[in-house]
Amino acid sequence: MIITHVRGHSALRERDEDLDTSWFSQLDPRVKIVGVFSFVVVAALLTRPEGVTIALTAAIALAAASRVSAKRLIVAYAAAFPFVALASASIFLFSGWDRGLTMLARTSSCVIPLLVLALGTETFDLFSGLRRLKVPGMITTLLMLTFRFLLLLSDELERMKVSRQARGFRGGRSLLDRYGLRVLSFTAGMVLVRASARADRVYEGLRCKAFRKDMIPWRTSSVRSRDMAFLACLAIVAGVLAAVQYEVLF
Amino acid sequence: MRGLTYKYEDGTMALRDVDLSIERGEKVAIVGPNGAGKSTLLNLVAGFRMPFSGRVLIEGRELNHENADELRSEVGLVFQDPEDQIFMPTVEEDVAFGPRNLGLDDIDARVTRALRSAGIEGLAKRRPHRLSYGMKKRVAIAGILAMEPEMLLLDEPTSGLDPRARLELVKLLREMDKTMLIATHDLEAAAEIVDRAVVLNVSVVMEGTMSDIVMSKKVLQDAGLELPPVSKLFDAMGRMGYPVDSLPVSMDQAVAELTRVIDREAKRTSELRGPGNPRSDRKSRQSDARGNGD
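As you go down the protein sequences, you meet chains A and B in turn.
One point on numbering: in this note's numbering, the residue at position 118 of the first sequence is 118, and numbering is uninterrupted.
Residues are numbered in this note's numbering as their position in the second sequence, beginning at 1, plus a constant of 1000.
Bound conformation, chain A alone (with noise of 0.2 Å):
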């Protein structure tokens, strides 16, 4: 006899295990925005080894420290790395290798923050946060719309792709494969399609609950005192790197 897990109705005694109770998903948004991008801000104008050493080291803490999970953190940094890469690239090939190399630690010192922003914080979290930050509500109900929207696509070609296994396709593996290429190309059709359809009913599912332009800041969090500890660490760590950069250090 097999006995298993039969969820559904047993929804109402259930809680999301994947829910993020990290301290640094507990933060305000705005803090964290506020946080990393000026501690990006600093990072990308270091010129001096020391400073950049100690900006990827103070990147990586933050990373360790907000305990976002690591293999999502290297996927995304992967999925990051040729941009990074590239840009590394021009300057190793035009002004020597330690150049080319404090250019990838700085790079890689914005973009990891930044990564740790994005999946440490629940992504209607950083469009509220951002929209109670005066972005301009255009702004950010734009960015909502078009997460969901890739949130549909994703649907779609995720339904797409059982349905062509289910019957049997195992094509589009190679580039000679014409008949594959040929399913792939009217399954990227049919999912926009299809992805357009369900587009047009979520509108019709926002605009019944009198969504007209802009997505109300829905979740009222006020500043704290672990916000403001998070934010008095990323100032302090600021204030190092200033100081190594304008030579008060080192």
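It is worth saying that the hints were derived from the structure and are not from the lab.
A hint or two may mislead.
[As the list claims (entries may be wrong)] Computed beta-carbon distance windows for the label pairs:
#1 Leu150(A) to Thr1012(B): 25 to 35 Å
#2 Asp1222(B) to Ala118(A): 56 to 66 Å
#3 Glu1059(B) to Ala235(A): 52 to 62 Å
#4 Ser154(A) to Asn1067(B): 50 to 60 Å
#5 Thr1012(B) to Phe169(A): 24 to 34 Å
#6 Thr1012(B) to Val193(A): 10 to 20 Å
Note that the Cβ used here is the ideal one computed from N, Cα and C, for glycine as well.
Starting from the known structure of chain A, fit chain B onto it as the hints suggest.
Chain B in isolation, oriented as in the chain A frame:
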């Protein structure tokens, strides 16, 4: 609705001359096969589409492009697929989304009330995309209820639900004190919820109680509707000579009908045998059953 006619862009007639009035507090089902125009009718009432000709009047006000957004807060449309209606990252935020957009006060209390009405108070902090389909339907309903509309429009509320979720949703809708217009081809569920039903197949074919509708086999056949299993059973019993007055649509109605038939038959049998018959009712029934078996 007065003389509603709607055509799709490709010229397909979706609705022709539909007249329908719904009183405050009344629950009405629109039954019909796929492509009968049920969802289109709901979309017209919700103001997402405008009729080719005819009028939709809500509380005496004619629906048009200008007031569609405003009147939509009076009628809450619950989609067939809750995935299309749930937007926010948590259940309570999704339920609060509508009242917040409407600028209503006391949003927390509204959310609590809506969650309680939909029987999902315990899901407030949950992520909707993690929930079962049945629970998502409830979240979608709660999201609309929180806006406290005068009327609920439900598009195929029981589709895609397992038997238990379906039963729970039917109970929820039956007990809800709201004006409802339900588009469905689930006749059994409709019979449990509504006071009146309309058979729609591009135009209104018939209007009446669900029992009236299932008794009209020609209408059902023309509209491509299938009798619920319990109605089929009683229909077969009727053809076999059992005195069935009306075709029950739901199990509750079937039990009531069966009890009535048994009581009447027992009374008739005892009257035939006359007073002073020494045999007990049980023995009499056993004897009758043997007789029928012969």
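Hint check:
1. Between Leu150(A) and Thr1012(B) the Cβ separation comes to about 33 Å, which falls inside the hinted range of 25 to 35 Å.
2. The given range of 56 to 66 Å is respected by Asp1222(B) and Ala118(A), whose C-beta atoms sit roughly 58 Å from each other.
3. Between Glu1059(B) and Ala235(A), the C-beta spacing of about 58 Å keeps the proposed range 52 to 62 Å intact.
4. The given range of 50 to 60 Å is broken by Ser154(A) and Asn1067(B), whose C-beta atoms sit roughly 37 Å from each other.
5. Between Thr1012(B) and Phe169(A) the C-beta distance comes to about 33 Å, which sits within the given range of 24 to 34 Å.
6. Separation of Thr1012(B) from Val193(A) is about 19 Å and conforms to the stated range, judged on CB atoms against 10 to 20 Å.
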